[in-house]
Amino acid sequence: MSQDFRLDNIGMVNRNKKISFTFNGKKYFGYEGDTIASALIANGVHLIGRSFKYHRPRGFFGVGVDEPYAILQLERNNERDPNIRATEQEIFEGLEVKSVNCWPSVNFDIGAINNFLKMFFPAGFYYKTFMWPPSFWYKIYEPFIRMAAGFGEVSIKHDKERYEHKYEYCDLLITGSGPSGLASAYAAAKNGARVILAEDKPRYGGSLLTSDVNIGNQTGVEWSEKIITELKSMSNVIVKNRSQVFGYYDHNMLVMSERIGDHLPKTQKYLPKQRLWYIRAKEVLISSGSIERPLVFGNNDTPGVMLSSAAKEYMKVYGVLVGKKPLIFTNNDSGYETAIEFKKNGINPLILDTRKEPSSDIISEAKNLGIEIKFSHVVVAAKGYKKVKSADIAKISDNKKDLSNIENIECDCICVSGFWTPSIHLASQSGNKSEFNEKIDAFIPKKSKQNENTIGSANGKFTLEETINEAFDKGYEVSNKITENNNKVSMPTVVEKKSTEHDKFWCVPLPKGKSYKRFLDFQNDVAVTDIELALREGFRSIEHVKRYTTLGMATDQGKTSNLNGLQLVSDIENKVVPQVGHTTFRPPYTPVSIGAIVGREVGKHSKPTRKSPMHQWHEKNNAVFVDAGVWLRPRYYKQGNETLFEASKREAKNVRKNVGVCDVTTLGKIDVKGPDAAEFLNRVYTNAWLKLPVGKARYGVMLREDGIVMDDGTTTRISENHYHMTTTTAQAANVLSHLEYYLQLVWPDLNVNVVSTTEQWAGAAIAGPNSRALLMKLFPDTDVSNEGLPFMGYKEADLFGIPAKIYRISFSGELAYEVNVESDFGNFMWEKIIDVGKEFELQPYGTEALSTLRIEMGHVAGSELDGRTIPHDASLEGLVSKKKDFIGKRSLSRSAFTKPDREKIVGVVPLDKSTSIPEGSYIVKDPNAKLPNPKLGHVSASCWSVEYDNPFSLAIIKDGKKMIGQKLFAMSPLKNKTIPVEIVSSHYVDPEGKRVRA
Amino acid sequence: MLYIFCPHCGSRSQNEFAYGGDATVKRPELNKEISDQEWDNFVYLRKSPRGKHLELWHHISGCRQWIKVERDTSTHEIFKTYKANELIE
Ligand SMILES: [Zn+2]
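Residue numbers (this note's numbering), protein chains in the order written: chain S, 5 to 1002; chain H, 28 to 116.
One thing to keep in mind: the hints can contain errors.
[As the list claims (entries may be wrong)] Computed list of lysine-lysine pairs in DSS-like fashion (alpha-carbon distance at most 25 Å, straight line):
| id | chain 1 | residue 1 | chain 2 | residue 2 |
| --- | --- | --- | --- | --- |
| 1 | S | Lys286 | H | Lys107 |
| 2 | S | Lys903 | H | Lys59 |
| 3 | H | Lys79 | S | Lys695 |
| 4 | S | Lys286 | H | Lys59 |
| 5 | S | Lys437 | H | Lys79 |
[As the list claims (entries may be wrong)] Covered stretches of chain S, as calculated for chain H (at least 3 residues, CB under 8 Å):
| id | segment |
| --- | --- |
| 6 | 743-749 |
| 7 | 892-903 |
[As the list claims (entries may be wrong)] So these bits of chain H aren't anywhere near chain S, every CB distance computed over 10 Å:
| id | residue |
| --- | --- |
| 8 | Trp66 |
| 9 | Gly89 |
| 10 | Leu114 |
Keep in mind the hints are simulated off the structure, nothing from the lab. Note that beta-carbon positions come from the ideal geometry of N, C-alpha and C, so glycine has one too.
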């Protein structure tokens, strides 16, 4: 199609660069700098989609963020992007977009039948219709609603684009580069403030791009170019286009999304597609401008009905005519500017002005140009289905109640102007309670809760002179509070055409016998009758009316509909708008892509990955890794075609029979130092610590104040005032915070310091009957005999020239040692152990074998210490001192914790000695009891005992001690299993603990 | 996101801190006989005021000091911050 609606000598698009793109599979041309909207309009395309509820034809209504209709689906590099506004998305070579909300095609839409059934779609339709029977919900109602209402489809493929987050601090953030944004940025930057100026469009200048004004003897466009160029050259200023500040949060934190690659066929190398900026600003100037309000009349949603300011911008910025027979319908002077622009480009518009006899510079100019104007006239209804073909117009009485002289005139577009609504969204988000301004029939920000000021037309200043003056003043005032430079720049002179007052009229009455739909919310299809119905049904609060009718709840957040909705409610209720109040604005101001919000924290990058110094060795030796918190640990070392089960069994068996080595670097380690260290440990742990000699380790349990076990581990006295504490991998960070809490806040008198040393030490656990023989070869100069290094002993030793620490502690229940060296030597240590261990049949073992070994020994771990158990429950009551006080002790004497039938840990063996018991199973007396079956407890951990070659589990059950020997049932509703079991001691292997002391 | 003044480090974003609850709670002294009620008050019972609240924050991704912050729970305004051992009038 040729560009029949493109003007030759006007606009800012690059005529030297033709760009082709497809819309609904058809190829079109535009120019570099066009949006999808401007390029399609240039090609005469106005039917772009179908409406949400009635599937009525939809065209273009605005020219930017306010667009309620033209929401498309974009396909780029095989990726889909739904919810693209055609008025914002710039075209690039090969761009593919298609309509949403229509099936099978935009020209023939089956859903449009809803339009003829609209009596069935009143306000609250969904609430009323899809209620009963409840069973219909997910089978019939929900699929129907979803099919009918979809706004495009998201891709389920992995998004290969990169999104970044950035944190920035500044003195002053200015949101919008219109006249007020430019002027205030300039004044503040010249006064030395660090300024960020954000513009959501590609071009800077806002209304200066389209208005016929003069600043400092330059046109608006020239002046804005000059200011931007100077701002960009200043080192204290960041200027960003295609950047929308969409959220205003606490303590002056604002979030901005910068679209870096969205307008390009492919994201540039080394650049993300979008960047999300978290900006902490000392001061904020909101210069987000205003949005033109629609006038409400019959069929005012027909394609071709659009905002008059949008029509002007299509001409002046894109060189595109929205129609060749335009009707301008206005209640103020803005419509005249659009009419004059049409006239200058050889098009004859007709102006319908609701006012009786207004006079101003602009009106005179229009008259002088020979533009036809009908005062006291309105559009009654637009005619035409897929595009405006004509309009019924009428004379309206002075009281605006009665229509007369209804006639039909031909036109191909209707440009409406119902005056202007300041964009107060950001101010409202910051907590600013706005006030209604009678002069402009709209809300403007009031007292700031945070360090924020609103300027320009966002603050209800609709003349350029007022705007520029206010902006220069505020830019200076706010920046001077911070910089105190007192450097004030002089203000330029402003020349503009004077305009006169607008008419408060906003909604055209229906002529007798007609029932045209008059829409308020164009995106959610909310009409005047819907609001009337909601009020008839008793909804009063504007927040309720909003939710019941969905007015203003679409993705455009009611940018064009909110005020007219409020007007209607106040008219019906005989109130004034400020009494009705307005609904709360919440972030985001415009839709933000999920990718930008997530940033780089995707997949593997969603959390850090910690690896031990021996990681590469594990990788080379076929380790299969498992996430342990943020650590990667070998789960097992695969040999041949082994399964997890086979490999872990082999590894665990080898520990029991020969010797194994396990990477235990991930254990939390905390250095506790100071003269009061022993006293501190004595308060932190449940057992006694004052008499632990140097060179000895002790197992300890620590509680929270509520008596629940927080963590366990061994702590070793390295020297007089130096202890080496170990924690579980999972609790390491919490334990450190816990210790710091008591040292800093509760017992600041204790002279103790704690610091994490987890990453300073690499650890290897050597376990099994051959471990001493292996140690003797590793440390030939050190006495590691049972006498020289007894159970729970500690020694410093030399490992082939490397200083090492040997702790004789055991988690596996076997004779075992833990060797630590500085992390840098971790791999050296590991390879030595593997090498020297060969003759002792040493094998490395992973976390799965480790679990098996500890479970069959009845050693508790995270699955038993699950934040619900006290020491008694885990059979750790022997470690609870009766003599001294410690954190959480008082709680242990509370009645629930001293009940005689309190839960206790036990062992569970299936009667058939072959069926594994799923973890999480319930232990019950009678598997056939009436539901809910009273549960005695649950299975916390399961393994295949390598000692006895049958399944074995740990469980925590009521009155556990008395249950030993009983035959009960383990039930897993999840796995649909009921297994007859016998309750045994949790210490299944070596209950006397002979091996660890051997 | 709050902007919290750490008396040791300066103003930092909330995501460097962990919240630590009511800062006016005093742990009963060790080895002191106290009633169940007193203990429960210490362990479990907290006021949830709308308005000024003195609370603990832990600068975990900074200096690792516990600090006290006087904050309005409804407006999030922070009036003053104190070191752990600072006297508060
Ligand atoms: Zn700090």
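For Lys286 of chain S and Lys59 of chain H, compute the direct alpha-carbon distance and say whether it is at most 25 Å.
50 Å, violated
With 10 Å as the threshold, tell me whether Leu114 of chain H passes as away from chain S on beta-carbon distances.
Check passes; 13 Å lies beyond 10 Å.
Pair hint outcome, Lys286 of chain S versus Lys107 of chain H [Cα-Cα no greater than 25 Å]
18 Å, holds
Does the structure keep Lys437 of chain S and Lys79 of chain H at a Cα separation of 25 Å or less?
21 Å, holds
Check of the segment 743-749 of chain S against chain H for coverage (Cβ-Cβ below 8 Å, three residues minimum)
holds (count 4)
Three residues minimum, CB to CB under 8 Å: does the segment 892-903 of chain S make the cut for coverage by chain H? Let me know.
Per the Cβ count (3), the hint holds.
Over 10 Å from every CB of chain S: does Trp66 of chain H meet that, or does the non-interface label fail?
5 Å, violated
Verify this label for me: Gly89 of chain H is non-interface relative to chain S, using a Cβ-Cβ cutoff of 10 Å.
Gly89 of chain H is indeed farther than 10 Å from all Cβ atoms of chain S, at 12 Å.
Agreement of Lys79 of chain H and Lys695 of chain S with the hint, judged by alpha carbon distance not exceeding 25 Å
46 Å, violated
Is the straight-line distance between the alpha-carbon of Lys903 of chain S and that of Lys59 of chain H 25 Å or less?
24 Å, holds
Figure legend: structure checked against the earlier numbered hints; hints not met, in rising order: 3, 4, 8.
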